[in-house]
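Let's have the full structure, built from the sequences with the hints guiding it.
Note that the sequence shown covers residues 928 to 1109 in my numbering.
Careful: at least some of the hints might be erroneous.
Below, in silico cross-link-like pairs of lysine-lysine (DSS-like), each with a Cα-Cα straight-line distance of 27 Å or less [what the hints assert, rightly or not]:
no.: 1; residue 1: 1100; residue 2: 1049
no.: 2; residue 1: 948; residue 2: 1049
no.: 3; residue 1: 948; residue 2: 1066
no.: 4; residue 1: 1049; residue 2: 1096
The calculated label-pair distances, taken between Cβ atoms and stated as ranges, are [to be verified]:
no.: 5; residue 1: 1091; residue 2: 1065; range: 32 to 42 Å
no.: 6; residue 1: 988; residue 2: 1049; range: 36 to 46 Å
no.: 7; residue 1: 988; residue 2: 1073; range: 14 to 24 Å
no.: 8; residue 1: 1101; residue 2: 1069; range: 34 to 44 Å
FYI, nobody ran anything at the bench for these hints, they're computed from the structure. Treat the numbers as computed from the prediction; the structure is a model and nothing was measured. In this text, a Cβ means the ideal position worked out from N, Cα and C, and glycines have one as well.
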Amino acid sequence: MRLYHTGFSEIRVPDLHHGRKNADFGQGFYTSPDLSFCRRWARERKGQNTYLNTYELETEGLNILLFERTAEWFDFIYGNRSSLPVNSEEYDVITGPVANDTIYDTFGIITSGLLSREDALKLLMIGPVYIQTVIRTEKASSHLHWLKAEILTPDDIASYRSTVALEEKEYQKLFSDELSRI
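Written out as structure tokens, the structure reads:
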């Protein structure tokens, strides 16, 4: 499986304990099999290069959990982001959709009682699907092989961010339209 990660350094050996524990799929090294998504995810930081790291993951022998954008996916992410216990210790790798940036607002609306779980799930189903893959265990990390790193230019990043801005505008319209129907 080919995977990508953008950041401010070449990451030949990822640190599995660097990220947040309450991220979508828990703590680990987040990548994506979607090259165009990773390019759009790129950011700039003054005085630093932005790198697009490329990896190959040998999946044989790994316990992989694969999610689609379903109620099970929603519950798993809700549990992780709310620091609730989720049963995921047995998985080396988890792959599935990225929760859109409105998920925090959606969870807040659910817990406040203004939106049912079913309606919240409808809101989270709109818009494009971007896939993320998290490397969660040392075993999985040993199966991840760094291939190369490419420096993204400021012009490239500006172009990618322009695409993201258009996607976000379209998504906000879809979100607003769906929310008005609920």
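Against the structure, the hints come out as follows:
Only pairs whose Cα atoms come within 27 Å are accepted, and residue 1100 paired with residue 1049 is accepted, the gap being roughly 15 Å. As the CA atoms of residue 948 and residue 1049 are separated by approximately 26 Å, the hinted pair is consistent with the 27 Å bound. Of the supplied pair hints, the one linking residue 948 and residue 1066 holds, its CA atoms being roughly 19 Å apart against a limit of 27 Å. A C-alpha spacing of about 19 Å is found between residue 1049 and residue 1096, which places the hinted pair at or below 27 Å, so the restraint holds.
About 33 Å separates the C-beta atoms of residue 1091 and residue 1065, a value consistent with the hinted range of 32 to 42 Å. Taking 36 to 46 Å as the suggested C-beta distance range, the pair residue 988 and residue 1049 conforms, at roughly 38 Å. For residue 988 and residue 1073, the Cβ-Cβ distance of about 19 Å falls inside the hinted range of 14 to 24 Å, so the restraint holds. For residue 1101 and residue 1069, the Cβ-Cβ distance of about 41 Å falls inside the hinted range of 34 to 44 Å, so the restraint holds.
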